[in-house]
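Trainee: We have chain A already, so just place chain B on it with the hints.
Just so you know, the sequences run in chain order A and B.
Residue 269 is where the first sequence starts when you use the working numbering, and the numbers rise one by one after that.
Residue 85 is where the second sequence starts when you use the working numbering, and the numbers rise one by one after that.
Careful: at least some of the hints might be erroneous.
Stated by the list, open to error - Listed next, the stretches of chain B that the computed footprint assigns to chain A, with coverage defined by at least 3 CB atoms under 8 Å from CB atoms of chain A:
1) 150 to 158
2) 195 to 204
3) 250 to 258
Said to hold, decoys possible - Taking lysine-lysine and the DSSO-like style, the derived pairs with C-alpha atoms no more than 30 Å apart in a straight line are:
4) A/320 with B/86
5) A/388 with B/113
6) A/502 with A/563
7) B/113 with B/213
8) A/502 with A/388
9) A/458 with A/320
10) B/213 with B/171
11) A/320 with B/113
12) B/86 with B/243
13) A/291 with A/388
14) A/291 with B/243
15) B/243 with A/388
16) A/502 with A/458
17) A/557 with A/502
18) B/113 with B/379
19) B/379 with B/171
20) B/113 with B/171
21) A/388 with B/171
22) A/320 with A/291
23) B/243 with B/300
24) B/213 with A/291
Hints are computed from structural coordinates only; laboratory data are not their basis.
Since the model is a prediction, treat every value here as computed from it, not as a measurement.
Built from N, CA and C at the ideal position, the CB exists for glycine as well.
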Amino acid sequence: MSEKSLREAINEALRLEMQRDAKVFLIGEDIAGGTGGEGEEDAWGGVMGVTKGLFGEFGGHRVIDTPISETAYIGAAVGAAVTGMRPVAELMFCDFAGVCFDQIMNQAAKLRYMLGGQAKVPLVIRMQCGGGFNAAAQHSQTLHALFTHIPGLKVVMPSNAYEAKGLLIESIRDDDPVMFMEHKYMYDDKWEVPDESYTIPLGEANYSRDGEDVTVCALGRMVNLCNQAADELKGEGIDCTVIDLRCTSPLDEISICESIEETGRLVVVDEGYPRCGFATDVAALAAEKALRSLKAPVKLVTPPHTTIPFAPTLEELYIPSIDRIMTAIQEVYHSK
Amino acid sequence: MKRELLLEAYRQMRLIREFEDRIHINNAKGEVPGFIHLSAGQEASAVGICMHLTDDDYISSTHRGHGHSLAKGCDVIAMMDEIYAKKTGLCGGKGGSMHMADISKGMIGANGIVGGGVPLAAGAALKCKVLGNDRVSVAFFGDGALNEGATMETMNLAKVLNLPMIFAMEDNGYGEATPSTWAIGGNVLERAGGFGLSTHRINGHDFYEVYEAFGKIVEEVRSGRGPAFMHISVYRYYGHFEGDSSTYRPEGEADRIRNERDCLMLFRNHPVTGQILSAGELDQIDAEIIDLLDKAIEHAEGAPAPTEADLTTDVYVTY
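The shape of chain A in the complex, shown without the other chains (with noise of 0.2 Å):
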């Protein structure tokens, strides 16, 4: 056990499981970087370095670089996934689903289903998400929601490097199709990361911390905040339980019902899109399932339906904040 930031577990989950599997392998733009040129070989291990060293430890065969053509890659990891490999494709950014989503949204999540249970398509398609950069428009997007709505899609968001490690070499062991979703702010974030390989599963939500009076759930980076937020309001005697749901598919539908059976009281924080988001997908189970045992309405923190801004004092807006969920948390908590 030591300290790992999300980067070196989200490393290390992939170098055990292409030790363990020869089926593993890494395709994507710029995972190793300076493939054909003259410069260094495996000069950038992806964007964010996630995946240094691994071109020097296994080699160009199982670290491909790819030209700049989602559509092509993302293709070519879906169908050597259905002839039997175990494709690690990194889309680099969420947002950039939205170049090849054809072969996410009508090829990956639907060949099992219109081949009868033929096919199995064991493919983890990693990507960043999330704001906090400035990074704009189109590389803050935190698109789970999308994914989440396509029948064949399991869909994993970590909220740190624990999480991400264990939840990453289980995602490449499933046999589904799981889109792999890294908080770009984390990568840098420490936790205490077992060496030895273990795997979390999917679709099991994790109690980050346990109070009889608030249930609040979210997912990746905000859970964070609402752990953060939860220390605040402790000090004026709210007791919170953060539920980590891990994934948003499948999702853990008893451990929210449960946790609003003992609490009565919903807030759900997440940073996608709050229309046909994940957000109101959570609240309609509430109400769906849980309707009875609620003492106020549910409150949702999500950012605005807009586009995410650039200008630094407008994303700060954007993003849900600490002071948000505290006020959430109160409303909910103070509600008759």
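Mentor: Okay, now just chain B, sitting in the frame of chain A:
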């Protein structure tokens, strides 16, 4: 060429023709659900190529995929059941005409998205490359898909990664209702050549030409000399889809091409065929295929439909 090989080639082409003709007739009677795209007229391309492939080689196909599926070894009865939307179909009645596949035969799927199967075939080729075997992957696609970004991206990727892959573009003259001569800017082989692929123009009406040309191409690709591109001229006798009145084609065009260069006719009249096979042998195959399709239709009509229990299965392996 060996007798057995020629008999098999004729048998497969005849099978595809009869399969498509029967669906054409039964669809007009209202007996076949869904969207149907038939490949009658294009048989020599599918058969001339797939006869060089084993179950360990891969193909991906298009919305017009019955011929490729049959040529790659998919079961006739199970395919007809699938087209008739039956539980016993190749895909359990969940895919239908546009999603025919049998992965155990290396047929990784027809595809409802124009160009959608081309990157998938690259993935199968990538598997062969990563594992270091001598298997290959063939992407069948039409003239319409040549203009899709997915296809052009994949041509580049295949070259850059030196994939054991063949791009088999079947130009049947029309992308839906629009002539390919209008829709394709520039020269097809120059475009493919621009990506660094070896390029080949092939008369897809002539089994012998397809078979011999692809034999050389696949040998090169298997030996690691990089991806190849084939521009195969074919013609579809029926419309883009069943129910298409085909008014975009000049009157009599389909009949003229059928009379001049039908692949079954050319095969029967070819001097090599005449030296090795008798007309009686080919007539006997015709009769056997008619019997086989009678059985397939009868089986499909009598087979059970999927039920409510099947609606939500096969979405995930585990969930």
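Trainee: Now, for every hint given, state plainly whether the structure supports it.
Mentor: The hints, checked one at a time:
1. 150 to 158: violated (count 0)
2. 195 to 204: holds (count 7)
3. 250 to 258: violated (count 0)
4. A/320 with B/86: violated (55 Å)
5. A/388 with B/113: violated (37 Å)
6. A/502 with A/563: Holds - the C-alpha atoms of residue 563 of chain A and residue 502 of chain A are around 20 Å apart, at most 30 Å.
7. B/113 with B/213: Between residue 113 of chain B and residue 213 of chain B the Cα gap is close to 47 Å, so the pair fails against 30 Å, i.e. violated.
8. A/502 with A/388: Violated: residue 502 of chain A and residue 388 of chain A sit about 47 Å apart, past 30 Å.
9. A/458 with A/320: holds (18 Å)
10. B/213 with B/171: violated (36 Å)
11. A/320 with B/113: Not OK: residue 320 of chain A and residue 113 of chain B at ~62 Å, beyond 30 Å, violated.
12. B/86 with B/243: violated (35 Å)
13. A/291 with A/388: Measuring from Cα to Cα gives roughly 14 Å; hence the hint holds.
14. A/291 with B/243: holds (23 Å)
15. B/243 with A/388: holds (27 Å)
16. A/502 with A/458: holds (25 Å)
17. A/557 with A/502: Measuring from Cα to Cα gives roughly 28 Å; hence the hint holds.
18. B/113 with B/379: Holds: residue 113 of chain B and residue 379 of chain B sit about 18 Å apart, inside 30 Å.
19. B/379 with B/171: holds (17 Å)
20. B/113 with B/171: Holds - the C-alpha atoms of residue 171 of chain B and residue 113 of chain B are around 22 Å apart, at most 30 Å.
21. A/388 with B/171: Satisfied, since the Cα-Cα distance of roughly 19 Å is no more than 30 Å.
22. A/320 with A/291: holds (20 Å)
23. B/243 with B/300: holds (19 Å)
24. B/213 with A/291: holds (12 Å)
Comparing the model with each earlier hint shows violations of hints 1, 3, 4, 5, 7, 8, 10, 11, 12; every other hint is respected.
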